[in-house]
Amino acid sequence: MLSTENNYKMVVMDMDYTLLNKNKGVSPGNKEALAEAAKKGVHLVVATGRIYSSARFYTRLLGLNTPIIASNGAIIKEDATNRIMFQSILLDEVALEMIRLCKEQGLYCHLYSQDTVYTEKIINISQRYSEWNQKLNGGDRINIEVVSSLEKTVENERGKILKAVVVDNDKEKLAYIREKMIKTGKVSVSQSLKDNLEVMNKGINKGNAVKILAQIYGIEQDEIIAIGDNENDISMIEYAGLGIAMGNAVDELKEKADYITGTYDEDGVAQALWKFVI
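Each residue of the sequence shown is one higher than the one before, counting from 4 in the numbering used here.
For the record, the hints were derived by calculation from the structure and aren't laboratory data.
Any given hint could turn out to be false.
Said to hold, decoys possible - Under the rule of at most 16 Å between Cα atoms (straight-line distance), these lysine to aspartate or glutamate pairs were calculated in the EDC-like manner:
1. Lys-106 with Glu-160
2. Lys-278 with Asp-261
3. Lys-189 with Glu-96
4. Lys-278 with Glu-39
Turn these sequences into a full structure, and let the hints steer you where they fit.
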C-alpha cells in the first residue's frame, strides 16, 4: 500500500540486479541514499539468495550493522555478534533427492552452508565464486570445497546445509527438476537468476524471513518496504507494506508490486529511498 508519509521503519533489499549494479558494486547514488536512510534510524536489511559470507562482504563495505537474510531466508544472522537469529537446516532427504535429480540430468548440484559452497566440480556458480575470490582478501573469500561425493557431504556436514542449488542454461532440465522437487511436498523452490534453481525447506523464503525479523524488532507489516527484481523476491514484495519492483524486474514480480522504481543501473534503490523514506 502506497504511503508518502515516510513512516517506514525497515527497508529490505535484494542484492543482485537490485542494490548492486552491473559491475557487482554499489553506486555512489545508492550509497548516499542508504547513508541518509540510516541517519533516520531506518533498519536497512539485505535479503539475498547468496551465501551468507558473500552478503556479509557487501554489508561491511556499506557499513550496514543490521542482520543479513541469506540463502533465500534459510538463515538470518547478525555479523556484529555472530548471532544466528533464525536458520532452517535443509532436510537430508531433500538434499539427497536434489543431488540425485541433478546427476540424473547430467548437472552439478551445489550445497550451501552459511560460509561454504560444496560441489563435486568447479562449474557455474562455484566458478563464479572462485573468480570472485581472486579479487578479494583472504577473510572475504567464499569457501569452496570440492568433494568426491555430495551424498557423503550431506552426512558429514549434517546440521550445516541450508540450500541446494543447480545452475544451467537448459530450461527444460531445470523445469523437470523443479517439478520433481515440488512433488516431494517438502520444499520451497525459487529462482534468483534465469539459469538457476534454488531449493530450501518448505515455507522458507525471503518473505518468511522478513516476517521473523520484523517480529524480533517489533516492526509492523505496514512499516516495511521490500525491493527486488526476481522470482525469489516475490514473497517479501507481497509481505511488505510497500512492495517495490525494480524497473528491470520480471513481469511476475512487477504485477505483485505496489510501485515500480528505476532499474538497477539507474539507482532504482536510491530513487525509492528518496521517495518513500528520506
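Keeping to a limit of 16 Å between CA atoms, is the pair of Lys-106 and Glu-160 held or broken?
-> violated, 20 Å
Please work out if Lys-189 and Glu-96 have their alpha carbons no farther apart than 16 Å.
-> holds, 9 Å
Does Lys-278 pair with Asp-261 here, judged by a C-alpha cut-off of 16 Å?
-> At roughly 13 Å apart (the allowed maximum being 16 Å), Asp-261 and Lys-278 satisfy the hint.
Between Lys-278 and Glu-39, is the straight-line Cα distance small enough, at 16 Å or below?
-> holds, 12 Å
Hint 1 from the earlier list is the only one contradicted by this structure; the remaining hints agree with it.
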